[in-house]
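Place chain B on chain A using the hints.
For the record, the sequence lines run as chains A and B. Under the numbering used here, think of the first position of the first sequence as 1, with each following residue one higher. Under the numbering used here, think of the first position of the second sequence as 1, with each following residue one higher.
There could be a bad hint or two in this list.
Said to hold, decoys possible - Residues from chain B that face chain A, not an exhaustive set, calculated with beta carbons under 8 Å:
hint: 1; residue: A19
hint: 2; residue: D23
hint: 3; residue: A58
hint: 4; residue: R61
hint: 5; residue: V64
hint: 6; residue: Q68
hint: 7; residue: S74
hint: 8; residue: T77
hint: 9; residue: T88
hint: 10; residue: L91
hint: 11; residue: G93
hint: 12; residue: F94
In short, the hints are calculated from the structure, not lab data. Backbone N, C-alpha and C fix where the C-beta goes; we use that ideal spot for every residue, glycine too.
Residue strings, one per chain:
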Amino acid sequence: MTVLEPIDAYPTQRIAGYPVRAGRSLPFGATRVPGGVNFSVFSNHATSVTLVLYREGEPEPMAELPFPESFRVGSVHAMTVFGLDVERLEYGYRVDGPRRPWEGHRFDPDLVLSDPYARMLTGHGPYRHRSRVTLDDFDWEDDRPPHLPHEDLVIYELHVRGFTGHPSSGVAAPGTYAGLVEKIPYLRELGVNCVELMPVFEFDETDNVFTGVNYWGYSPIGFFAPKASYAATGRDHMQVDEFKHLVKELHRAGIEVLLDVVFNHTAEGDERGPVISFKGLDNATYYMLTPDGHYYNFSGTGNTLNCNHPVVRGFVLDCLRYWAAECHVDGFRFDLAAILGRGSGGELLHNPPLLESLAYDPILRDRKLIAEAWDAAGLYQVGSFPHYSRWSEWNGRYRDTVRRYVKGDLGVTGELATRMVGSPDMYSRRGVAATVNFVTSHDGFTLRDLVSYDHKHNEANGEGNRDGDDANNSWNCGHEGATDDPAVLALRARQQRNALLLLLASRGVPMLLAGDELGRTQLGNNNAYCHDGPLTWLDWGLREENADLFRFTRRAIAFRRAHPVLRGGSPGSVHWHGVSAWSPDWSAHSRVLAALFDGGGSDCVYVAANSHWESHTLELPPAPRGQTWHLFADTAAAPPMDAFEPGSEPPLANQSQLSIGPRSVAILVTH
Amino acid sequence: MSFRMKMNVEGDTATIRLAGELDGSSAPELNELVSQAVGRQVGKLVLLLDELTYMSSAGVRCLVFAHQKLPRGSEITLVGTKPEVAETIRLTGFDRSIVMQ
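With the rest of the complex left out, here is chain B:
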């Protein structure tokens, strides 16, 4: 399934809905969107992942990118992460920088 995403900013919260496969070819798009959110000085980033079927290592790295780009103290929340994706995030330690629901 091809990759799709959509961002919605309300107040200081940016919500990005992702669908399809997040891999090396689609990761730069997400990075671009994260940069936009940073430009709008959001303090919270919510990623809706229930329609994301696959996340590659490049995808996981987008989370790191977001964590480093957003101001200190900002919160990143993943919602609806599929178990396989959540497990990879946990085993490599990225879960410490984000909130998984």
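Next up, chain A with everything else stripped away, as it sits in the complex:
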């Protein structure tokens, strides 16, 4: 039988010496097709579009191919070019159109723009914004997402470079996806089952006017392109494969992968910012503009992506579908997600089409969607984010409450109780998976710094210590910063354990900041976005230095895993106590709280917290169903007696009383 090749595998004409034919409008971007590459790009207001081809690394183009008018359908220009060596090809677009900024148009045919759909960018170097074509045939074998129930996750937020960039990491390829693969056994040992990667979309590491460094990467340039410099194989343009390999290996270890994604703004900034892609392709479509053509700035970074415009909405959907379907990513955390609920003029939408589309998208159906439910313009939607029964939220109120309680503020005991059972005041109808609980994240103090500094120390950022949040609810335990005072150090160690234990014993999805389990410090810097070095990298020497803290955290995670009642259940399965059993003290001066999580059967956990500087004796409720109380953890005890291996907790000598030390948390379990 003769197999006929499809007719569109043949060119119909030549442009600039290259055999071409009219391309397919969809999908957008550069796609390999039989014999060639299909290029498709959108612009509503362009008058002409030219495909610019480079041999890799060459300063001048090898060819410029204007799209003939007959290759345009609607506002989409598409062309198939034959005979290209995609491995050595870089490309971009030259787009002409009106130059009337007051109407929102900033076309400039002198510039070569990167393809917003590019799967790879060139990364570093003088031509770093050029687009590249991927081969897209990674061998996934039988990879299947772990599909963990949302409420069972223990999220671990990490920075790909920072996690293994330090020389002490001991990996073969420090600071890369491959380096992270080498640390999977560590993640397994710790017991987390989900990593949340800080931005891995291509960004410019140098776009910071103060230190010259953008470390965090919340300033995307290529939304489909994994960051090349996070790949040891980036110089060989294998970053997509290396990233996919990371996902595959994490899945093999039972660990899910969430990406921290930024769709609220881009690296193009405002009028003063560079023109990289969207600005030159179709500024008026992609950005929220004032009536006279200026940039709305709800992100605090210069511009705001016009994400509820139907075209931009499609872009966001295409992007997330790509990461989910092609890269097997398990979910997303959306930076400043409140912006995704705004309309073209910045107004708050009651039924934001983008959020609705994401919630109901067939490809994203079982991927986790987590909103950072606020923006930089003062919109705070924690508890009120348009969720469509799908979205979870970073619970900022959880963070603030636990911090205030641990530090010893009065009047927060009642609220702590609410936060510990999944914040039903905000999420009662959505279930505990709706709240992502955390005490620390990349943004703000590390846990060790939270108990070591009253004030931020951001001088090294070059902004006169004016940047970063002033409201940290932190307490230095009696001395600002580094000290040799054993009493202060002991208290700090206990305070870290208190926060970790409350977090891991709360209903909702806990999120840990990478390194907090090892006592990582940023020396009081609570906004270290602009430091790429020892200040922000994880020093693996802490693993030995703070072995007690690591062991404690590992056991607390394992305990959570062993007790489903901590991860969910009816509100009626929690009973409150105080110094007297069955008599919680909800008054403003109360510093003692005890919760009995009773899942029926043998799953019963008693959590007691005391933020007072004196110890208290708590009357214990009888262990239900004829069982006895055993001690899992007591942060006032000296390591290693501060936590036991789940399943081998020693019985409590006195079954009717528990003495809880000053500023400490204790957990009992029945056997």
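For chain B alone, kept in the frame of chain A given last:
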């Protein structure tokens, strides 16, 4: 250096010697040869790479192609892989499907 290759089939083992640069332009040739080997129902594929000076991403993908084309349980062995090439294969995870000597 231009790309050259030669296949020798003995019993159920196909041995392919590669020399020069394996990239996007030469990869289809190797894929073709792998298809031939599959047609002859070999159970082992040995690639002699000591004269291969460069392997691009398209070259690495030939290994995936071979792995997927050959019957399950077949063995692919790379012999004499130069360190740079071996490192790329390892970092992107293709080494799990093959044997590198």
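Results for each hint:
The beta carbon of A19 (chain B) comes no nearer than 19 Å to any beta carbon in chain A, farther than 8 Å, and the hint placing it at the interface is violated. Residue-level restraint check for D23 (chain B) holds (minimum Cβ-Cβ distance to chain A is 6 Å; threshold 8 Å). With its C-beta approaching chain A no nearer than about 6 Å, A58 (chain B) sits inside the 8 Å limit, and its interface hint holds. Checking R61 (chain B) against chain A by beta carbon gives a least distance of about 6 Å; that is within 8 Å, so the hint holds.
A cut of 8 Å between beta carbons decides the hint on V64 (chain B): the least distance to chain A is about 4 Å, and the hint holds. Interface restraint check for Q68 (chain B): the shortest CB-CB distance to chain A comes to about 7 Å, inside 8 Å, so the restraint holds. Proximity of S74 (chain B) to chain A is violated relative to the hint, the smallest CB-CB distance being about 14 Å (cut-off 8 Å). Checking T77 (chain B) against chain A: minimum C-beta separation of about 17 Å lies over 8 Å; hint violated.
Annotation: T88 (chain B) was flagged as interfacial toward chain A, and the flag holds, the nearest CB pair being 5 Å apart, inside 8 Å. Hint status for L91 (chain B) relative to chain A: holds, with the closest Cβ pair at about 4 Å, below 8 Å. Taking 8 Å as the C-beta contact cut-off toward chain A, the hint placing G93 (chain B) at the interface holds, the least distance being around 3 Å. Using the Cβ-Cβ criterion of 8 Å, the hint placing F94 (chain B) at the interface with chain A is satisfied: the shortest such distance is roughly 7 Å.
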